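Asks: Listed here are the chains, written in short residue letters.
Number of protein chains: 4
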Amino acid sequence: MQPLALPDAASRETLLTRYAAVRAHTRSLAADLSAEDQCVQSMPEASPAKWHQAHTSWFFEALVLRTLQPGYRAYDERFFFLFNSYYEALGPRHPRPARGLLTRPSLDDVLAYRAHVDVAVETFVRGCDDESWCVAAPLIELGLNHEQQHQELLLTDILHAFSLNALRPAVLSATAPAAHAVSPLRFMAFDGGLREIGHRGADFAFDNETPRHRVWLQPYALADRLVSCGEYREFIDDGGYRRPELWLSDGWTLVQAEGWRAPLYWRLEDGTHFTLHGTQALRDDEPLCHVSFYEAAAYAQWAGARLPTEAEWEAAATSGTALRQLFGTAWQWTRSSYDPYPGFQPLAGAVGEYNGKFMVGQLVLRGSSHATPRGHERASYRNFFPPSARWQFSGLRLARDL
Amino acid sequence: MQPLALPDAASRETLLTRYAAVRAHTRSLAADLSAEDQCVQSMPEASPAKWHQAHTSWFFEALVLRTLQPGYRAYDERFFFLFNSYYEALGPRHPRPARGLLTRPSLDDVLAYRAHVDVAVETFVRGCDDESWCVAAPLIELGLNHEQQHQELLLTDILHAFSLNALRPAVLSATAPAAHAVSPLRFMAFDGGLREIGHRGADFAFDNETPRHRVWLQPYALADRLVSCGEYREFIDDGGYRRPELWLSDGWTLVQAEGWRAPLYWRLEDGTHFTLHGTQALRDDEPLCHVSFYEAAAYAQWAGARLPTEAEWEAAATSGTALRQLFGTAWQWTRSSYDPYPGFQPLAGAVGEYNGKFMVGQLVLRGSSHATPRGHERASYRNFFPPSARWQFSGLRLARDL
Amino acid sequence: MQPLALPDAASRETLLTRYAAVRAHTRSLAADLSAEDQCVQSMPEASPAKWHQAHTSWFFEALVLRTLQPGYRAYDERFFFLFNSYYEALGPRHPRPARGLLTRPSLDDVLAYRAHVDVAVETFVRGCDDESWCVAAPLIELGLNHEQQHQELLLTDILHAFSLNALRPAVLSATAPAAHAVSPLRFMAFDGGLREIGHRGADFAFDNETPRHRVWLQPYALADRLVSCGEYREFIDDGGYRRPELWLSDGWTLVQAEGWRAPLYWRLEDGTHFTLHGTQALRDDEPLCHVSFYEAAAYAQWAGARLPTEAEWEAAATSGTALRQLFGTAWQWTRSSYDPYPGFQPLAGAVGEYNGKFMVGQLVLRGSSHATPRGHERASYRNFFPPSARWQFSGLRLARDL
Amino acid sequence: MQPLALPDAASRETLLTRYAAVRAHTRSLAADLSAEDQCVQSMPEASPAKWHQAHTSWFFEALVLRTLQPGYRAYDERFFFLFNSYYEALGPRHPRPARGLLTRPSLDDVLAYRAHVDVAVETFVRGCDDESWCVAAPLIELGLNHEQQHQELLLTDILHAFSLNALRPAVLSATAPAAHAVSPLRFMAFDGGLREIGHRGADFAFDNETPRHRVWLQPYALADRLVSCGEYREFIDDGGYRRPELWLSDGWTLVQAEGWRAPLYWRLEDGTHFTLHGTQALRDDEPLCHVSFYEAAAYAQWAGARLPTEAEWEAAATSGTALRQLFGTAWQWTRSSYDPYPGFQPLAGAVGEYNGKFMVGQLVLRGSSHATPRGHERASYRNFFPPSARWQFSGLRLARDL
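Chains as they are written, first to last, in my numbering: chain C, 6 to 407; chain S, 6 to 407; chain Y, 6 to 407; chain L, 6 to 407.
Hint data in this document are derived by calculation from the structure and do not stem from the laboratory. Warning: the hint list may mix true and false statements.
Since the list gives no way to pick one copy over another, a pair counts as held whenever it fits inside one copy or between any two copies.
Stated by the list, open to error - Below 25 Å or equal to it, Euclidean Cα-Cα: the simulated SDA-like pairs (lysine to any residue) are:
id, residue 1, residue 2
1, K362, E250
2, K362, F389
3, K362, D290
4, K362, P100
5, K362, P345
Since the model is a prediction, treat every value here as computed from it, not as a measurement.
Work out the full structure: start from the sequences and follow the hints.
Replies: Following this line, the structure appears as structure tokens:
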């Protein structure tokens, strides 16, 4: 499994320290959620928080402990079936839309499973021979990045479930973060020419970020910040959701079929939106979030601009130019379909199913959101979702030809 | 609201004693279910156990306390919306297929709500004036019978949810009840002629059992016991699920669309079925359960018999003839559509939505099941479900023309 | 096949004369429809006019000629598959929702098929021995009644297809029939007691009208005419489609899901409706047509009345009392589910699938409509459709308890 | 409307000659189809042949005659509604899935409409002033290319309809084309580097082929011919449709949901497939056709190869290297999502809806098929369909990294 880079300073203790930190963060995210909260699944695309906690443990068990630890004794053999997500190579699994039916195992049982796996991983890392270590280290690193992805998904998914409950509970503390002061949006120019994009170096990256390769870019400009809620409201007020000429055909069909009139969690009637901190007043200076690719593209069309390609985004992000809100605010829809890079090869074995088999029918998002774990983002990161997805923390940055 | 009979010995304390007993039984049924278990909804037709516990309390609050108790202070005003089932007269409500999303209020909160309502009902009953009492008493009696219906539904619904979980948990203790010795099935003859069916007397009955009225019956015979699992297995072995000539047209369509090969919880490959006591070996001498009307009718056709009409069933059940398993084993599908009785009038007010508005597209079941609360059954009882329903405790008794 | 009565004056020539008349009427109904018109299927429940013409010929071929005429040579063996409707006993068949795909065989081919069958039936009837004749005669009579049913369906189905075409073509001549003078609606009283309903005598009837049997009726009253469009418009104007308390639960769900605001072919915005004679002004004095059972029942509820049971309808229709519009105006929804009569036995063989297997989930309509072929109606006739069906010529007559 | 190039030799008569030829070809394609055949729509994605004939005329009427010809008198104003395909800018339209309901206007009427439009276009072209001519000429050229696209669609769509008819009629003469001798498949190498793709020059091209732009390619190889049926049969025999590791995730889901076991029109049980020439024996040496993108990608995976990108395909096709079957055999799925080219601008006005609004969720196919009109293909042509589409004449050519 050569494409997986060894972690920085590959000492076993360093990795165990990082392992402990990531695993603890997952638990802390769910700490204020009750057992009931953690069991719910509000739509087939979302998963229960308990399932996220179990599946991220399953990952280490299925891909490291079961294959590399001689005599490994599973916490419960049936979990191998229950908490497989989509790995065909690892056999049948509990159906995805029915994850919310798993009232058993209980949350306590899942937390015990997590603890069991944690002990087993620690024991394994400290005791395995060097040959096993060379195989295991990149898999554990992959597992930690995998868990960080699920940390964000845990928040997006419970937010969706809570949004459908008339009690409108807050996922996190009810204190909303401080206001964003919006400065006038400026377009920053970037030269065209031959550029390189994709992951480089020994640090961890997912296989879909490789290989690094050359692309030819035309000169272009990117907005120095994300579109704000106030700007998007102008689009709405200008009839944005009623003007087919602004929309891609599939998007327009969806607008009509679903009756979209605003971003997913907006309530136009009282000027609020639903957030991780519960219902909050919509502020014009906030960055826009929870729009689909269709809405992002329609807004850009209305604004006389367009969405950036992923290559433009990455070239700009690594250029040193002072673009704001690249990371930590909202994922940014690009105008790039999620296609394989030239020369792309998925990882060997079951982990090869991680990214490659989803490379059709999705759009690339770049950057990261306020729900992305710190340290998980990077300029070459390729997030991807179907163009209709709105429950992610997804916004947009405008682009223009020069 | 004259059609509601006053309870036996209409003293207030007698009713309170009965109230306490019924309410306690609901709690006891759910006592071994975790908060997670009580939150799950496995299909739109089923409801979470927590919802059943809350809705049965809502019934007393919405129909008695809010209307008759001056100054009644609700436990939480929002519950009036959350736990309305289908009463259009009482305003909008949380959507039925989304009951499983209600992780909040928590189970503890719902139990506190139950306690709040119990105290309020007790206070009201002891303190109200006679005029209010005359209105309230039949409503409370209706509420208790309503709660008893939900006691059975709570079991059918959680059984369905557990059946979809690979861990196959047991709802009740894992000890299966003792075996049934099956005696040879005999048909008992009944004379035809003019008979009366429907509820009579001052005891409680639902409005759909009234008015008592005359029907003309041809001579007929009923089996003295229910069809057993062994008998049904012969039907399966004889190609019952592959022979369209045995089926009603809609049933045959469903057999093919859903791939039915056996009753809902049977597993032919290992000779087991899933029950309230977990997975159990299928015994030939057990009464058949969890079949749809379509399957019941196809079996009867195969057996050279037919299903009884509801009038035949009721006339026989009140005849004094020694029919077994009338009550307490499995609900018995009849060949009668759930139509209104001649002269039927729904109750006045919101409780008029209880039965009448469902009188189309359903079939009548008679008797009661092993999951029906003791004391809740009677010969005039009209249970009803769509012909495709299999998750109820439903079996069949054969009938023949004479 | 004893239940099929021999036709009146069972001479072979008499039957052939009738055969020729019925067959010619089918052709005449379709005479003004182009080959394209006759090929279209506007929904799964409807069939193309060409298919109706072919299937009614298939009936004689499949059930008479193939089984009773030695050496019968089919027009085209493949038609046996293409034009079977739902007879499981006669093997697989072209899928019902795809009947509109049958551009081949052409209309000319189907008309040649009809002619081929007509010649073969005539030859058979004149030449068969007495034993065959006794078997064939009731089957041919059944086939003619079957064809008469399809004559009405041909009209209902093409009307539905044309209603979806912005050109709004007229099925029949564009001259609307003369106006109906509406007299004040009066309720006629009928005694209760023991009555007999169901078919009696040697004339033809479908198996579902038998056996004749006794029923007990309470005293009741029936309106002396059907509900008019003007009366129904008052229901609409009074918010009939917005008041859940008037509706059966399934009906209310459908009203909301489908956005019903008026009968199927009404256009409230310009006061017209679409008819066999094209778009026509809605006249208050016309009998109401194209309502579902749900609408009929809601209207009756609003009017402080109810729908009659089928036994009430039949007893009244045979009582000699001067009820108007019993036949020839619009089918009349009853409050009776389509259940088997006591002692009902379907015909033996494939024709046993004609009625019995549909006896669940449907409601009985009585009388006949302006599209029913003359001579086809009778008081014991049981028409049946699902409660949601609106494309039939279905109206209603009010009833009341006395 | 500057992006539309003026046609070669822009004389009016030259264009009229070409106009007459293209229009005549449409009629000739449908000449052997009956009026019934031309009315049928077998799925929402397909359209009736009559509709294709009408819509291609509507295009000239709506975009040229109505806007540029003073006093133009429409053949029938209602056709403007009936035969609009998807142009939101031109108002509401008959719903796409209901095109098969249009038995009226009749085929004769549509042919008269075509003739009316032809006369009007001819009159307009000969009589308009130069200013109008400059606007009209590119629109007419677009209309002719549009009609050529519909010529192919007419064949794909009627083939699909006929495939669902047990009579299995032949669209074209029942004589299958001569056999293809398959030579061993060879991979031809192509250098990487900076290349230009996209339309260049004054000849007609669709807007989605522009602007011409630079792309960077890695060295690669392309198969010198398309995959054959015999080669694909090896994939099937090797369990291709049962091995999830070969499939993209969405493709595998579809394989299971739809029960795919072979290309759309193959019948494995008797070794035939359904073609424009009716049912024919499958020959190993034929080029594969009627596979989805998912099947193409799975086959490539199985074969240890991949699909080419559209840039690779175009660069190779214009390189002078002797690749066979580039055009005229089967459209070739590429690994490129249908994204806009850098700097892409849709045409102004209603024709801007032609391509741009479909640029999401589809994959690019290159080349042309045996059903593409001669003269319509070119190396920069970007055909596009959803990855699940199988009813087009779509095959594949393998590619490899070097």
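Asks: Hints first: check each against the structure and report whether it holds.
Replies: These are the hints, each one checked on the structure:
1. Taking CA atoms no more than 25 Å apart as the test, K362 paired with E250 passes between copies only; the shortest distance there is 9 Å, against 33 Å inside one copy.
2. Proximity of K362 and F389 under a CA criterion of 25 Å is satisfied in both settings, with 12 Å inside one chain copy and 21 Å between copies.
3. Proximity of K362 and D290 under a CA criterion of 25 Å is satisfied in neither setting, with 39 Å inside one chain copy and 31 Å between copies.
4. Taking the shortest alpha-carbon separations for K362 and P100, only the intra-copy value of 18 Å comes in at or below 25 Å, while the best inter-copy value is 35 Å.
5. For the identical chains of this complex, K362 and P345 are neighbours both inside a copy (10 Å) and across copies (23 Å), given an alpha-carbon limit of 25 Å.
The earlier numbered hint that this structure contradicts is number 3, and it is the only one.
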